[in-house]
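Start from the sequences, fold in the hints, and give me the full structure.
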Amino acid sequence: MGFIGSFLTPLIGFSDSDKLNCYYIIDEIIFNSNLQETDEVSLTLKINIYPSVEDRINRTNLLGGDEYEKTISRVNFSGNILEEYYTYCKPLIVENNMNIIKIKLGIDITDEIPSEYSQYYSLTDHL
Amino acid sequence: MGNIFAGMYISDTSNVSLTNGVFIGKVYTDSITMYQETGVSSLTEITASSSGNDTITISGYLYWTLATTATYSNPVILGPPHTVLPRFHADSAGGTPSSITEWAFFIGDTTNATSNTFEYDVRNEEPSGSAFSYSVSYDSKPSTNYEFAINVGGTYAISGSLSSITPSSSGYPFTTQQSANVGWQSYSMGARIQFMTSGKVVAIGAQNRYGGQMAIYSDNNTTAIETVTILGTGSTSTTRNYKYTTLTNPVSVTANSIYVIAFKNGYSGSPGSGGYAYHNISAYDSTLTSSGNIKLIRGFFKYVGSSSGVVKPTSSSTTWNYGSTDLIFLPD
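Residue numbers (the working numbering), protein chains in the order written: chain A, 5 to 131; chain B, 500 to 831.
A couple of the hints might just be wrong.
[Unchecked claim] Simulated coverage check for chain B against chain A, where a stretch passes if three residues somewhere in it have a Cβ under 8 Å from a Cβ of chain A:
1. 570-584
2. 671-685
[Unchecked claim] Quick list of the computed label-pair ranges, beta carbon to beta carbon:
3. A/S21 with B/G593: 52 to 62 Å
4. A/N80 with B/P770: 31 to 41 Å
5. A/P95 with B/Y766: 20 to 30 Å
6. A/V98 with B/Y527: 52 to 62 Å
7. B/A782 with A/L24: 22 to 32 Å
8. B/S789 with A/I61: 25 to 35 Å
9. A/S37 with B/V575: 54 to 64 Å
10. B/K525 with A/E73: 38 to 48 Å
11. A/L24 with B/S717: 56 to 66 Å
12. B/N720 with A/N80: 19 to 29 Å
13. A/E44 with B/E544: 29 to 39 Å
I should point out that these hints are in silico values taken from the structure, not numbers from a laboratory. Virtual Cβ for every residue (Gly too), placed ideally from N, Cα, C.
Set out below in structure tokens:
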């Protein structure tokens, strides 16, 4: 399970450092909870990004990562939570990459991204 | 310096706050380390309010247990070597301390045997025979080894009380910035640092043309522990030129703990102009510094908008230290 998408640098413009078809995988989930005081649990979802699935399998060429926060209730500790967290992260990753692309292109944050750059922010599920 | 023992008390000076009492914790050949005597739950160092000469009184009742013959001669130490008796007592935890006027000594026997004997005499004269002699020697104070987490030295400045320190190099093969004038004013940028030994983060810093706001975060919390202002270099040169600011409250870290530092140029009401630096860390990302005390784990960035203040960054890179941030660490 994971996503196929681009790994972007904040550098202005696009270069070889911006890579397509990279592999996003949730590699660490941190539960920060104090259930004696509250039913809420603060999650930190840590995603690693590799150039390819093969690199992930071999644990080589790690490019970087993303981290996202999520607050859940204790009753949510059920079902396939990993799939749920991928679903939660997906739009956040896309939004994050879209913001970076707009800065790279030098367009206003409220502007639309030209369609030819959609490959840099779209994510494909990898099952 | 003689007859000065750890545990003795300081008095008769206005250069040290004596409100809650002060005792000597460590004695060196040319200095002492002082701690607060009452009202704190952990060791709290007390420093003098000014430098220069001062005349102080050092006092304390020393307590030894000695073993002698039945006629109180030829004493030998029956450890510990010395104890300085406390000056205060309280009727409860956190209660107001009251002065002790006298001490009593109690010795118990936890066995059921009736034949055990142990005589313990408090005497008002010295033992006879070979005189009891006790003294301590002092070492010079160990040098204070501040160290950079990433920087290797060269041109840098530290604002605040630590302006005169000279931290040691991280030892990383870090030569120059890739650029020192990037328009990243919409980004909060920094690095993740792991400490392999306990100590204190005493200053944080960055290289930026215009300066900005910088913060330090625990790795599992998005709330800044402390936020400071970082001066600008006024330059676009890629030569290393870091500006640090001393933390008002040094951040105590434990061995293996991880922290994130972040820098942001511009803030609400005063959008930034950029001037960011960055450098390649791929050769030493996730490796230890030469001291073995610190490990750099990736460079970080997060889009936050040009009007935002510093925010904990969340996107990472194993290749670039975006924002060229750094910190100064003092291991225990």
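Here is what the structure says about each hint:
1. Counting residues of the region 570-584 of chain B whose CB falls under 8 Å from any CB of chain A gives 0; the rule of at least 3 is not met.
2. Coverage of the region 671-685 of chain B by chain A holds [criterion: at least 3 residues with CB-CB distance below 8 Å; count 4].
3. Judged by the Cβ atoms, the range 52 to 62 Å given for A/S21 and B/G593 holds: they are separated by roughly 58 Å.
4. At about 39 Å, the beta-carbon gap between A/N80 and B/P770 stays in the expected band of 31 to 41 Å.
5. Under the hint 20 to 30 Å, the C-beta atoms of A/P95 and B/Y766, about 28 Å apart, fit the expected range.
6. Separated by about 60 Å at the C-beta atoms, A/V98 and B/Y527 satisfy the suggested range of 52 to 62 Å.
7. For the pair B/A782 and A/L24, the beta carbons lie near 25 Å from each other, so the given range of 22 to 32 Å is met.
8. Here the CB-CB span from B/S789 to A/I61 is close to 34 Å, well matched to the stated 25 to 35 Å.
9. Look at A/S37 against B/V575: about 57 Å separates their beta carbons, and that is inside 54 to 64 Å.
10. The beta-carbon spacing between B/K525 and A/E73, approximately 43 Å, falls within the hinted interval of 38 to 48 Å.
11. For the hinted restraint 56 to 66 Å between A/L24 and B/S717, the CB-CB distance of approximately 35 Å leaves it violated.
12. The given range of 19 to 29 Å is respected by B/N720 and A/N80, whose C-beta atoms sit roughly 21 Å from each other.
13. A hinted range of 29 to 39 Å holds for the C-beta pair A/E44 and B/E544, which are about 38 Å apart.
Comparing the model with each numbered hint stated earlier shows that hints 1 and 11 do not hold.
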